[in-house]
Amino acid sequence: SQKIEQNSEALNIQEGKTATLTCNYTNYSPAYLQWYRQDPGRGPVFLLLIRENEKEKRKERLKVTFDTTLKQSLFHITASQPADSATYLCALDYGGGNKLTFGTGTQLKVEL
Amino acid sequence: DAGITQSPRHKVTETGTPVTLRCHQTENHRYMYWYRQDPGHGLRLIHYSYGVKDTDKGEVSDGYSVSRSKTEDFLLTLESATSSQTSVYFCAISESMDRGVTNYGYTFGSGTRLTVV
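Read top to bottom, the protein sequences are chains D and V. Residue 210 in the working numbering is what sits at position 75 of the first sequence, and the numbering runs on without skipping anything. Residue 118 in the working numbering is what sits at position 115 of the second sequence, and the numbering runs on without skipping anything.
Warning: the hint list may mix true and false statements.
[What the hints assert, rightly or not] Below 35 Å or equal to it, Euclidean Cα-Cα: the simulated DSBU-like pairs (lysine-lysine) are:
id, chain 1, residue 1, chain 2, residue 2
1, V, K56, D, K234
2, V, K60, D, K138
3, D, K194, D, K234
4, D, K190, V, K60
[Stated by the list, open to error] Coverage of chain V stretches by chain D, computed from C-beta distances (three or more under 8 Å per stretch; other residues unrestricted):
id, region
5, 44-55
6, 85-99
7, 106-117
[Unchecked claim] Pairwise CB distance ranges, derived in the manner of DEER restraints:
id, chain 1, residue 1, chain 2, residue 2, range
8, D, E187, V, R33, 21 to 27 Å
9, V, S87, D, E187, 31 to 37 Å
10, D, L247, V, G54, 47 to 53 Å
11, V, V55, D, A166, 22 to 28 Å
12, D, E246, V, K73, 45 to 51 Å
13, V, H44, D, T203, 22 to 28 Å
14, D, G151, V, E30, 35 to 41 Å
15, D, T204, V, S86, 40 to 46 Å
Hints in this document: simulated from the structure, not taken from any laboratory. Quick caveat: nothing in here was measured; it's all calculated off a predicted structure. Ideal placement from N, C-alpha and C gives every residue a C-beta, glycine not left out.
Okay, chain D solo, but in the shape it has when bound:
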């Protein structure tokens, strides 16, 4: 079965630095890969979507890359701020009903 790996250890970085989060998967590549942000006690919030034929996608301070050869997606937050502190989830979409398979998430802490 498909396995999605996100670093379970929290990532601590200083304000102003670039945060880079990793999402690795096994087996075959999804048609789409999505990233979500989740704050404590809240539901996940959609951030970005990237297709298998796209290498990179940007939205404001966010950048996502998708390497189907490495079976990996990287999620970057540039000029990070304490307000960026949250758990970030990656999700794979293989089509067929738009059902998403989620990773367990990586907690990001941005310190002053």
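Fit chain V to the given chain D structure using the hints.
Relative to the frame of chain D, chain V by itself:
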């Protein structure tokens, strides 16, 4: 979250009792999903619906049933709650399937924290 609400937000119930969680949307989307979130497992799909009376199983459907009699409401029922069903339950809707292109992510509700004692 705007357009999707879950009720109740918190519930404590006893083992063996039936429990129904409700998801209500005002966006008129065809596709709705129920996930559970547990430490170490992330979000796992329980059931989903692709229209009124059209539902299908997800990864962890045992012990759960769903119903969708109206576009706006998707109900999740635990027929006889067990302690292993203690979890946070999230409902989600998807705009992508309505438009036939996957440009949009899910919109999630705020979740229901269910404790089975």
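Hint check:
1. V:K56 <-> D:K234: holds, 18 Å
2. V:K60 <-> D:K138: The hint holds at about 19 Å.
3. D:K194 <-> D:K234: Distance of about 24 Å is within 35 Å: holds.
4. D:K190 <-> V:K60: The given pair, whose Cα atoms are some 33 Å apart, holds under the 35 Å limit.
5. 44-55: Holds: 7 residues of the region 44-55 of chain V have a Cβ under 8 Å from chain D.
6. 85-99: With 4 residues in contact (Cβ-Cβ under 8 Å with chain D), the coverage given for the region 85-99 of chain V holds.
7. 106-117: holds (count 9)
8. D:E187 <-> V:R33: 21 to 27 Å: holds, 24 Å
9. V:S87 <-> D:E187: 31 to 37 Å: This hint holds: roughly 36 Å between Cβ atoms.
10. D:L247 <-> V:G54: 47 to 53 Å: Cβ of L247 (chain D) to Cβ of G54 (chain V): about 49 Å, so the range 47 to 53 Å holds.
11. V:V55 <-> D:A166: 22 to 28 Å: holds, 27 Å
12. D:E246 <-> V:K73: 45 to 51 Å: Holds, at about 47 Å.
13. V:H44 <-> D:T203: 22 to 28 Å: With a Cβ separation near 26 Å, H44 (chain V) and T203 (chain D) satisfy 22 to 28 Å, so the hint holds.
14. D:G151 <-> V:E30: 35 to 41 Å: holds, 38 Å
15. D:T204 <-> V:S86: 40 to 46 Å: Holds, since T204 (chain D) and S86 (chain V) (Cβ atoms, about 44 Å apart) stay within the stated range.
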